[in-house]
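> Between the sequences and the hints, there should be enough to build the whole structure, so can you do that?
So the sequence lines, in the order shown, correspond to chains A and F.
Here the first sequence is numbered in the working numbering, starting from 1 and rising by one per residue.
Here the second sequence is numbered in the working numbering, starting from 221 and rising by one per residue.
Don't take every hint at face value.
[To be verified] Covered stretches of chain A, as calculated for chain F (at least 3 residues, CB under 8 Å):
no.: 1; segment: 16-25
no.: 2; segment: 105-112
no.: 3; segment: 119-131
no.: 4; segment: 137-144
no.: 5; segment: 177-186
The set of hints was computed from the structure by calculation and includes no laboratory data.
Quick caveat, the model's predicted, so the values are computed rather than measured.
Note that the Cβ used here is the ideal one computed from N, Cα and C, for glycine as well.
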Amino acid sequence: MDGVHDLGGMDGFGKVKPEPEDKKPFSEPWEGRVLAMARALGSVGAWNIDVGRHGIERLPPHIYLAATYYQKWQLRNEKLAVETGLVTAEELAAGHANTPAKPLPGKVVRPDDIAGMLVRGSYGRPEQAPARFKVGDRVRARNIHPKSHTRLPRFTRGHVGTIERIQGCHVYPDSYVARGEEDPQWLYTVVFDGRDLWGPDSDPTLEVSIEAFEPYLEAV
Amino acid sequence: MPHDSDHTHDHDHGSELSDMQRRVRALETVLAEKGYIDSEALDRIVEAYEARVGPHIGAMIVAKAWTDPDFKAKLLADASTTVRSLGIDRQVGDHLVAVENTDDTHNVIVCTLCSCYPWDVLGLPPIWYKSTAYRSRAVKEPRAVLADFDVTLPEDMKIRVWDSTAETRFMVVPRRPEGTEGWSEEQLAKLVTRDSMVGTGLARRPEEVA
Chain A
1 MDGVHDLGGM
11 DGFGKVKPEP
21 EDKKPFSEPW
31 EGRVLAMARA
41 LGSVGAWNID
51 VGRHGIERLP
61 PHIYLAATYY
71 QKWQLRNEKL
81 AVETGLVTAE
91 ELAAGHANTP
101 AKPLPGKVVR
111 PDDIAGMLVR
121 GSYGRPEQAP
131 ARFKVGDRVR
141 ARNIHPKSHT
151 RLPRFTRGHV
161 GTIERIQGCH
171 VYPDSYVARG
181 EEDPQWLYTV
191 VFDGRDLWGP
201 DSDPTLEVSI
211 EAFEPYLEAV
Chain F
221 MPHDSDHTHD
231 HDHGSELSDM
241 QRRVRALETV
251 LAEKGYIDSE
261 ALDRIVEAYE
271 ARVGPHIGAM
281 IVAKAWTDPD
291 FKAKLLADAS
301 TTVRSLGIDR
311 QVGDHLVAVE
321 NTDDTHNVIV
331 CTLCSCYPWD
341 VLGLPPIWYK
351 STAYRSRAVK
361 EPRAVLADFD
371 VTLPEDMKIR
381 VWDSTAETRF
391 MVVPRRPEGT
401 EGWSEEQLAK
411 LVTRDSMVGT
421 GLARRPEEVA
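Put into C-alpha cells, the structure is as follows:
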C-alpha cells in the first residue's frame with residue numbers, strides 16, 4: 001500500500017537527533033512489555049513478521065506519524081489480537097478475559113525457552129525455479145502500487161538499477177499478507193545510482209540499494 | 221453543547237495514544253489469562269534486551285575482523301555462518317550481511333519502510349534509527365544526515381546506503397583507526413560504537429578512549 005510508512009526520500013521531517021551510545025533500550029517499562037508481547041505472540045504463531053508489519057502500516061496516517069515506536073507496536077498488537085480472534089475488543093476494554101482461548105499453532109513461550117527464541121528465525125526457503133537474474137544484470141523496479149502489503153519502496157519504482165547480490169529464495173511478504181502463502185521468491189540486492197533516483201542535482205557519490213524480490217523486477 | 225462536543229473530540233483524538241501503560245497492562249492481562257503468553261517469560265525477554273543483547277556483540281565481531289584477515293574475508297562473504305563459527309553463546313540468525321568501509325566507500329544502513337535492524341549483533345535500535353527524519357533522509361541526502369552526527373566524509377568518497385527492505389540484516393565494519401597497531405581484540409572492541417556499525421559514525425580514535 002502507498003502509505004505514510006514508505007518514507008524514503010520525503011522532506012520536512014527535520015534533523016536526526018543522535019543519542020548516547022549507552023542509552024537504555026526502553027524509555028518506560030511498558031515499552032519492554034510491548035516488545036516482549038510481540039515476540040511471544042510471534043513465537044506462539046499468532047501472526048508472522050509480515051502480517052505484523054502490515055498491521056503497523058494500516059494504522060491511520062495521523063496516528064502513524066504522531067505515535068512513538070512502541071505506541072505503534074501496542075496499537076498493532078491490539079488490532080491484530082482482535083482481528084485474528086485471540087481476544088475481543090470488550091475484553092481489552094475490561095482488562096480481563098471472558099471468552100475461551102483460540103488454539104494456536106506454536107508453543108507458548110516459557111521462561112526457559114528464551115535463549116532459543118531470541119535468535120531470529122530463517123526466512124530462506126527452497127528455490128521454486130531458477131533465478132531469473134544474475135549479478136550484473138540491469139533491471140527496472142516495476143511501477144506497481146498494490147493496495148496490500150509490499151516491500152518495494154516507492155522511491156525506486158520505475159527506476160533502473162543493477163543486480164549486485166543474490167540473497168537466496170525467501171518467504172515473499174506480498175503473498176504471505178495477501179493470501180497466507182509463503183510463495184518463496186528469489187531475493188536480490190539491487191543498487192541504484194543516486195542521480196537516477198533523485199535527479200541530476202543529487203549527490204554524485206551516492207548509491208542506494210534495496211533488497212528486491214524477483215516479482216518486483218523486470219529485465220531492461 | 222459546543223463546549224461538550226469539543227471536549228469529546230479532544231478526548232477521542234488523544235485517547236488513541238494516551239494512557240499507554242493501562243492499555244499495555246490490559247492487553248498483557250487478557251493474553252495471559254487466555255494462556256497465549258507467560259508473563260514471567262516476558263520478564264526474561266525484557267531482561268535479555270536490557271542486559272545481554274547489544275552493540276558489544278557487534279563490536280567484538282568487528283574487532284576480530286580488524287585483526288584476522290581470514291575471519292574478515294569469511295565475515296564479508298557469509299556473516300551468519302562466520303559469526304556462528306565463533307562458538308560463542310551469542311547466536312545470530314540467518315541472513316546477516318556485513319559490509320566493509322574502505323578508503324573509497326562508506327556504508328550506511330537504513331530501513332525506509334519500517335525499522336529493520338540487526339538486533340542479534342547490535343541489540344534494539346536507538347530512537348533516531350526509527351525516526352521519520354532518518355528513514356526519509358538517509359537514502360536521499362546521507363551527507364546531510366551524517367552532518368547531524370558531526371560526521372564529515374571526503375567529498376569524493378562513495379556513499380552506499382543499504383535499505384533493509386527484506387529479512388537480510390546489515391552491519392557495517394567500520395575502518396580501523398590509525399595508531400592501533402598491536403592492540404588486542406578487547407582493546408579494539410572499545411573503539412567500535414553502535415553508530416559506527418550503522419554507518420552514522422566512525423570508530424573512535426585511540427585518544428578518545430585513553
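> Please write out, lowest number first, the hints stated earlier that are contradicted by the structure.
Of the numbered hints given earlier, those the structure breaks are 4 and 5, listed in rising order.
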